[in-house]
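With chain A fixed as given, assemble chain B onto it according to the hints.
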Amino acid sequence: MRKGWAMAAALVLSVLCSAPADGFSDPALFAAPAAMGGGAGRFFTGSPVDGHACAVCHSGGLAPRVAFEGLPDVTEPFARYDVKVRWAQPEVSHALQLELMSLSGEHPEVELSDADALPPEARCEGEPDGPPAVYAVDVGKRRVLGVQDCGARALSFSFVAPAKPLYFAASVVRSDRSATPEGDGVLEHRSVIAPLNTSFAGACSFAAPAGDGAGWVAGLGTLLLQLAFRRLSPRAQRRRLE
Amino acid sequence: MVKQGSAAGPLRFAVAAKMLFGASLLLTGCALPEGDLVVPEADPAAFELTVYPVLLASCGFPACHGNPNRFFAVYGPGRRRLSPSTLPYDPATPEELALSYTRARSMLISEEGPRKAPLLRKPLAVEAGGAAHGGDDPWGGPIFRTKRDPRYEALFYWATASAPEEP
Numbered sequence: 134m135r136k137g138w139a140m141a142a143a144l145v146l147s148v149l150c151s152a153p154a155d156g157f158s159d160p161a162l163f164a165a166p167a168a169m170g171g172g173a174g175r176f177f178t179g180s181p182v183d184g185h186a187c188a189v190c191h192s193g194g195l196a197p198r199v200a201f202e203g204l205p206d207v208t209e210p211f212a213r214y215d216v217k218v219r220w221a222q223p224e225v226s227h228a229l230q231l232e233l234m235s236l237s238g239e240h241p242e243v244e245l246s247d248a249d250a251l252p253p254e255a256r257c258e259g260e261p262d263g264p265p266a267v268y269a270v271d272v273g274k275r276r277v278l279g280v281q282d283c284g285a286r287a288l289s290f291s292f293v294a295p296a297k298p299l300y301f302a303a304s305v306v307r308s309d310r311s312a313t314p315e316g317d318g319v320l321e322h323r324s325v326i327a328p329l330n331t332s333f334a335g336a337c338s339f340a341a342p343a344g345d346g347a348g349w350v351a352g353l354g355t356l357l358l359q360l361a362f363r364r365l366s367p368r369a370q371r372r373r374l375e
Numbered sequence: 287m288v289k290q291g292s293a294a295g296p297l298r299f300a301v302a303a304k305m306l307f308g309a310s311l312l313l314t315g316c317a318l319p320e321g322d323l324v325v326p327e328a329d330p331a332a333f334e335l336t337v338y339p340v341l342l343a344s345c346g347f348p349a350c351h352g353n354p355n356r357f358f359a360v361y362g363p364g365r366r367r368l369s370p371s372t373l374p375y376d377p378a379t380p381e382e383l384a385l386s387y388t389r390a391r392s393m394l395i396s397e398e399g400p401r402k403a404p405l406l407r408k409p410l411a412v413e414a415g416g417a418a419h420g421g422d423d424p425w426g427g428p429i430f431r432t433k434r435d436p437r438y439e440a441l442f443y444w445a446t447a448s449a450p451e452e453p
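Chains as they are written, first to last, in the numbering used here: chain A, 134 to 375; chain B, 287 to 453.
Hints in this document: simulated from the structure, not taken from any laboratory.
All C-beta atoms, glycine included, are put in the ideal place defined by N, C-alpha and C.
Mixed in with the good hints, there may be bad ones.
What the hints assert, rightly or not - If we take Cβ atoms under 10 Å as the criterion, some of the chain B residues that face chain A in the derived model are:
| id | residue |
| --- | --- |
| 1 | Glu-334 |
| 2 | Tyr-338 |
| 3 | Pro-339 |
| 4 | Phe-347 |
| 5 | Gly-362 |
| 6 | Gly-364 |
| 7 | Pro-424 |
| 8 | Trp-425 |
Bound-form chain A, shown alone (with noise of 0.2 Å):
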């Protein structure tokens, strides 16, 4: 009986006094399930298709800052584009996803650059013979972009625009390298990208489950007045570099 009520109180105590949860380390963690500490398919880039992002478990650090160079509001259908992400302060642990897809969830063709011409700023700490700090995971119809953490500075990637609006999430984290969630900085990024001289037919709804992107809900109402305004989501962060 003393024992069984020990054990309560220390369960109880336990409660009180639990430890906080640790990043994704590994991004392979990502398409892990669940039960094994993954993300079950979620990559967190905040896209319709992830609804939340990074910033669902880190939090309390200083934002990053983070450039989105070259990344395109209109589109000229089938079009090539080439983005640069740069983020500031490389010594600072930092990590990031990303990806682009249309209205069905499908991404465009998106590349990365071969492993062999990859820039320094692209190679674990910014080293020219340093490994690809870069990867690219294709899961069903999505291609999520990253970056591990390992002193890169930038990520870069050309995609062709299709003649459907597209979206474009990342979600960067500035780690403070305690290996807990807490006391990380969070930049999300949400935007439409809508191709030129074309249109899109008026209220059309799609939903977005996280982790099946199977076909998913949003505010198009919302999301089209943003466009016509070339506005990004109010919920978007944005920061740039000075």
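Coordinates of chain B only, in the frame set by chain A:
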């Protein structure tokens, strides 16, 4: 989920679950109500196999129900751990399973029966018969958009031992 080689794991889970349920009621100042409110049986084995993974994947983030300040909190690998000595990606401990189970089971209590319980209504889209929930993502998306979501169906079956009614 239970550590390999722990033959007493399921027994510890069951015992811990009962103790934690009682302790949680004491903590919240709740006594088992008289009258029609009942706590559904809610099979703990089914919870571990079918419901717990859903809760970890969809609810247990530190900013959400991985926050220990919330009564309905979920603990486990890659999420909030119950003990500082548990490594981040160690399998769920019996105590974590037990606590997550008791908290989830407490969310099945409803005057209208388990079909209308918070665990089922809160994460479901309003258009599908759910209730408002702070867990909507920045796109305005709820956790479960329809009752046909396999994850919702897992929760529903655990709560009611039946399939969701047609929307």
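Okay, the hints, checked on the actual structure:
1. A least Cβ separation of about 9 Å between B/Glu-334 and chain A falls short of the 10 Å threshold, and the interface hint therefore holds.
2. Taken as an interface hint, B/Tyr-338 checks out: its beta carbon lies about 7 Å from the nearest beta carbon of chain A, inside 10 Å.
3. The beta carbon of B/Pro-339 comes within 5 Å of a beta carbon in chain A, closer than 10 Å, and the hint placing it at the interface holds.
4. Annotation: interface hint on B/Phe-347 holds; nearest CB of chain A at approximately 4 Å, less than 10 Å.
5. A least Cβ separation of about 7 Å between B/Gly-362 and chain A falls short of the 10 Å threshold, and the interface hint therefore holds.
6. This hint holds: B/Gly-364 has a C-beta 3 Å from the nearest C-beta of chain A, less than the 10 Å allowed.
7. Taken as an interface hint, B/Pro-424 checks out: its beta carbon lies about 4 Å from the nearest beta carbon of chain A, inside 10 Å.
8. Contact between B/Trp-425 and chain A, as hinted, is supported at the beta carbon level, the nearest pair being about 4 Å apart and thus within 10 Å.
Violated hints for the displayed structure: none, as all numbered hints are satisfied.
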